[in-house]
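*Asks:* Work the whole structure out from these sequences, hints included.
Chains E and W, in that order, give the protein sequences.
For the record, in the first sequence the residue sitting at position 18 is 18 according to this note's numbering, with numbers rising by one throughout.
For the record, in the second sequence the residue sitting at position 297 is 297 according to this note's numbering, with numbers rising by one throughout.
There is no bait here: all hints are sound.
Quick list of simulated restraints, FRET-style, between CB atoms: (1) A176(W) with L208(E): 51 to 61 angstroms; (2) P225(E) with G296(W): 51 to 61 angstroms; (3) K43(E) with G17(W): 54 to 64 angstroms; (4) E352(E) with S295(W): 48 to 58 angstroms; (5) E8(E) with D42(W): 44 to 54 angstroms.
Just so you know, the hints here were simulated from the structure itself, not pulled from any lab data.
Glycine is no exception: its CB is placed at the ideal position from the N, C-alpha and C atoms.
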Amino acid sequence: MNIDFAPELEAFRREVAEFFAAAPTPTIREAGRKTTSVFAPFKECMEWHRILFEKGWVAPHWPKEYGGTDWSVEQRFIFAEEYRKADLPPLLPQSLGMVGPLLIDLGTQEQKDRYLPGILSGQDFWAQGYSEPNSGSDLASLSCRAEAEGDDYIINGSKIWTTYAHHANRMFMLVRTSSEGKKQQGITFLLLDRMDYPGMVVRPIVGLDGFPEQCEVFFDNVRVPQSGRVGAENDGWSVAKHLLKHERGGSGGASPALMRYCERAREAAAQTPSPFGGMLADDPVFQRDIGELEADIASLGHFEKLAISGHDVALDPAFPSMNKTINSELVQRASTLMMQISGVDSLARQLEALRVGSNVEPLGSEFDLVAMPLYLNSRATTIYAGSNEVQRDLIARSMASAGAGA
Amino acid sequence: MDFTFTEEQQMLRDSVGKYLAKNYDFDARQKLVRSDAPWSPDVWQQFAEMVLLALPFGEEQGGLGGSITDCVAFVELFGRHLVIEPFTHSVMQAGAALAADEGAAAKAWLKKLIAGEAVIAFAYEEGHGTPSPDLITMTAQPSGEGYTLSGEKRLVVGGADAQALVVVARKGHSGAPTLFLVEAGAEGLVARTYPMIDGRSAANIRFDGVRAAALTCAGQQLDRILAQTIIVQCAEAVGAMGALVALTSEYAMTRKQFGMPIAGFQAVAHRLADMKIAYNKARATLLYTAALAESGAARPRDIAILKGQTGKLGRAIGEAAIQTHGGVGMTDELSVSHYHKRLLACDAMFGDHSYHFRKVGRG
Chain E
1 MNIDFAPELE AFRREVAEFF AAAPTPTIRE AGRKTTSVFA PFKECMEWHR ILFEKGWVAP
61 HWPKEYGGTD WSVEQRFIFA EEYRKADLPP LLPQSLGMVG PLLIDLGTQE QKDRYLPGIL
121 SGQDFWAQGY SEPNSGSDLA SLSCRAEAEG DDYIINGSKI WTTYAHHANR MFMLVRTSSE
181 GKKQQGITFL LLDRMDYPGM VVRPIVGLDG FPEQCEVFFD NVRVPQSGRV GAENDGWSVA
241 KHLLKHERGG SGGASPALMR YCERAREAAA QTPSPFGGML ADDPVFQRDI GELEADIASL
301 GHFEKLAISG HDVALDPAFP SMNKTINSEL VQRASTLMMQ ISGVDSLARQ LEALRVGSNV
361 EPLGSEFDLV AMPLYLNSRA TTIYAGSNEV QRDLIARSMA SAGAGA
Chain W
1 MDFTFTEEQQ MLRDSVGKYL AKNYDFDARQ KLVRSDAPWS PDVWQQFAEM VLLALPFGEE
61 QGGLGGSITD CVAFVELFGR HLVIEPFTHS VMQAGAALAA DEGAAAKAWL KKLIAGEAVI
121 AFAYEEGHGT PSPDLITMTA QPSGEGYTLS GEKRLVVGGA DAQALVVVAR KGHSGAPTLF
181 LVEAGAEGLV ARTYPMIDGR SAANIRFDGV RAAALTCAGQ QLDRILAQTI IVQCAEAVGA
241 MGALVALTSE YAMTRKQFGM PIAGFQAVAH RLADMKIAYN KARATLLYTA ALAESGAARP
301 RDIAILKGQT GKLGRAIGEA AIQTHGGVGM TDELSVSHYH KRLLACDAMF GDHSYHFRKV
361 GRG
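*Replies:* Following this line, the structure appears as structure tokens:
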């Protein structure tokens, strides 16, 4: 067992911090502070993506030959920590975290040559077309059909909860190519090289926080080339399952972002009077609550570090489900604490002040501006990417097949 | 970054595991707990022969220069087998205190401890978990060449049967807490012995002007001893948690009600999933904090996080295990309740999770 504290790492930390202090534009910084979701404001987020690409730091977790880095686990965590300290907008996960790593593993040479450069540079943004109106937790029951015709597929049906599809120029999706056999067996994984095919309509959905983050995508006899298929026809379920392998929290795990929420909560609590006298930050109950939350976030960080450094914990078939469950519930707890600190000051609906570049002054502090939208948006974390009920089913099933949980 | 046990640690783990599997199954353990003996002298002697008692001490002291992660590697198995021998208190606490002293008496006692010839208790607790040495109130008054101790220590694990005690007290009312050595049978010592809920033997000990020798206790020494104790005690707790998760999932797969294994009911399945999540969190924090301590980089906050998490998650796992087992989980006959009681003890001693969470939160 060891943890490296070599002096070179401190130099690396300084290098990263200095870059983060100098490189982002004021609007990119504003977008970072006004991020109230896993998905940062699109335009500024992609601007920042391109700056990081120029620096060679856009995909630290990718293999170096594909444009990643050869950083150690320590370096990746330092990068993630400094990133969060600087309140920069997180990069969008669909391209760099999902379809990119998938293509590196399973794409044809042609697909890699064609798509990886645009994913890396930020010229392209990919939407993820999985869920359907009648296929949420039971994703394998999906019914959006693709019929082979010549060198093409003809797609009919619809997708929903397709994040930022209205910003995307490409899309990866699961379609049904066969109704024979088990429902998992007739699914195919497709890459769409554009979003403006004839018959394709994208319609944004306004969320409970007031923002159009999610979309519906409709397909009416949409003809797409078969060359966009990843893996074999009807083998898309195993391709999609392979993708899960990459949902390990990208470069440095989720814990640095959660710790940053706690820091912001502490700063706000130091400015907020306690109804029992003194400041909220000095209140024993508050101290105990935030201490309990921070300890739990620390445990997630330890779990992530074990996994990324190659400990056996990552070989557990239930690892992705455990990681997702822990992370998603901590996001909710952190945002709930923030909302509670903000109290009545979180009740004003301030969509215009929240817009990046807005000249509308927020009513209160920036903390009060983001606390409620963050809380509301984070209700989604335990629903998306497989609801936590489904994740717990999978974890329990892994215990049955192992015959033991430990 | 690497959190796997080294080959040597794995070998140590395997040999301790093999020994305990053969000699310390639950039935044998219960027979021992029900006997009059506070622990098994045979087992203690075996620990000495397996050099577990020598492991944490420097080679110049007759030890092996083992690290904190070496200790974690095998103490986890003590938790899995609900070992009642006072390893943590005698070796990690009293032994560590003796090892820091240059005097002949301390050296002689440490030699006996390493050889398995003496058990030495650590008289620290004064009630309420005494999570920090700052809370110690017992005082030592100078007297002749030594000191006299007055006051009471509680929950001294192995206290009545130890051949000597290392006692934590202040020199005068305003002095910092420091360490004293007292031999068993000293005049003015009155011990009241009792079994703990988790099968160990402990004593409340009154000191009425007991003669004691001061031990060297430099700077942050007590804090270091306490931090190492907490890591090792948490390793024991995590071992117990792992055993409970395994026992409970196995039980839920075989116990049938309404014509099917109860693990097939989602409410039960989700509780099993939560147990597994809790165990993985606690074990990750244990391994990380142990590695951090080995690098010399564990701050008080890291230790508080470990102790808080282990205490809270351990109790949750124990309660879930009893609930899943139903009626039989309530019995003395099954091991489940005994694991739970060990976890309760690990939470309460040296500050419970509420204390440690507030310590984290206060910053």
